[in-house]
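Enquirer: Sequence:
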Amino acid sequence: MNKIRFGILGPGKISHRFVKGVKYSQHAVITAVGGRDPIKTLAYARLYDISTITDYQGLCDSDVVDAVYIALPPPLHKEWIINALRADKHVICEKAMLYSIDDLNECFDLAASRGLFLMEAQKTVFLPTTRKVKEWIQQGKLGKVSYIEAGYCYKFGEPSEHWVFDAEHGGGSLFDVGVYPISYALELFGTNIQSVSVKRNLLCGGSDGFAHIQLKFASGVIASLSSAITVEGVKEARIYGSEGYVILPDFWKSSTVKLFRYDGDDEVFLVDQPSEFTHYIDHGCECIKKGLIESPILTKALNETMIRLITSK
7 MNKIRFGILG
17 PGKISHRFVK
27 GVKYSQHAVI
37 TAVGGRDPIK
47 TLAYARLYDI
57 STITDYQGLC
67 DSDVVDAVYI
77 ALPPPLHKEW
87 IINALRADKH
97 VICEKAMLYS
107 IDDLNECFDL
117 AASRGLFLME
127 AQKTVFLPTT
137 RKVKEWIQQG
147 KLGKVSYIEA
157 GYCYKFGEPS
167 EHWVFDAEHG
177 GGSLFDVGVY
187 PISYALELFG
197 TNIQSVSVKR
207 NLLCGGSDGF
217 AHIQLKFASG
227 VIASLSSAIT
237 VEGVKEARIY
247 GSEGYVILPD
257 FWKSSTVKLF
267 RYDGDDEVFL
277 VDQPSEFTHY
287 IDHGCECIKK
297 GLIESPILTK
307 ALNETMIRLI
317 TSK
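So for the sequence shown, the working numbering puts the first residue at 7; every next one is plus one.
Here are the simulated BS3-like cross-link-like pairs (lysine-lysine), alpha carbons at most 27 Å apart as the crow flies:
no.	residue 1	residue 2
1	306	295
2	259	150
3	138	306
4	46	29
5	140	295
Have a look at the derived ranges for each label pair, beta carbon to beta carbon:
no.	residue 1	residue 2	range
6	319	198	13 to 23 Å
7	248	8	41 to 51 Å
8	238	69	44 to 54 Å
9	94	52	25 to 35 Å
10	314	259	24 to 34 Å
11	8	116	21 to 31 Å
12	267	307	29 to 39 Å
It is worth saying that the hints were derived from the structure and are not from the lab.
Backbone N, C-alpha and C fix where the C-beta goes; we use that ideal spot for every residue, glycine too.
Please construct the entire structure, taking both the sequences and the accompanying hints into account.
Expert: And the structure:
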């Protein structure tokens with residue numbers, strides 16, 4: 007199969023980073039863009055030399071598109087995942103892809119019934135640095151791991167009518183950026199969790215401005231995970247074991263990681279990474295070419311666990 011032809015649904019800010027990721031991909035190409043504002047969509051198409059310009063449904067129906075990348079605001083995700091799948095297009099949808107287990111089941115069931123691939127655009131679990139840290143853990147280079155702390159805390163701006171502050175439409179720090187530390191911990195230590203504690207500072211719109219999740223995995227590892235859209239704070243991951251530890255600044259997009267061992271036998275892993283998006287794009291394309299309906303890494307089960315944790319009382 008040749009390169010997977012992607013259509014971009016929603017020429018917004020995040021989609022520019024997806025286009026950069028495709029630029030460095032061996033398996034993908036952008037062939038169309040769909041938007042509701044014709045002037046904005048035309049300007050976007052000219053910027054990236056995209057020949058096919060249309061509206062949302064037109065993009066889903068286009069015969070020059072194999073897969074749709076959904077970069078719309080989260081309240082529109084479910085509707086356009088379903089529309090794209092019904093148009094027989096594979097789908098990669100921006101995080102957080104969906105907000106309820108029922109919606110997740112509905113969309114994955116539809117994808118399976120039509121033999122189509124569906125995945126969240128969750129870059130963290132596909133990064134080479136993430137794969138390397140997991141390898142170090144499995145090789146015992148950290149010894150027995152006891153603790154991970156990870157967070158993504160930033161100030162979005164003053165509370166407003168933006169969806170990120172609207173609890174009814176997927177707003178809040180956990181769905182916005184909490185998915186990064188949560189998915190990172192789940193990828194490293196699995197989904198077998200013994201206990202969960204969630205604390206939130208709620209805003210007037212009902213969304214969480216700051217949140218903290220503490221997990222205990224069946225392996226005994228304890229995780230302390232934080233997210234915020236109202237304060238600047240931690241933006242790193244730290245993993246501690248009996249033989250050493252790892253510190254990753256900007257773990258959700260990192261290109262380098264260092265293992266500090268107590269015996270002094272440290273290791274550094276560095277990767278040339280023009281775009282942190284390329285890894286999940288290539289993975290998705292490879293899955294499509296293999297005829298898979300879900301990623302063997304970012305599985306439906308992992309998505310389900312993330313939703314359950316974020317919506318825990």
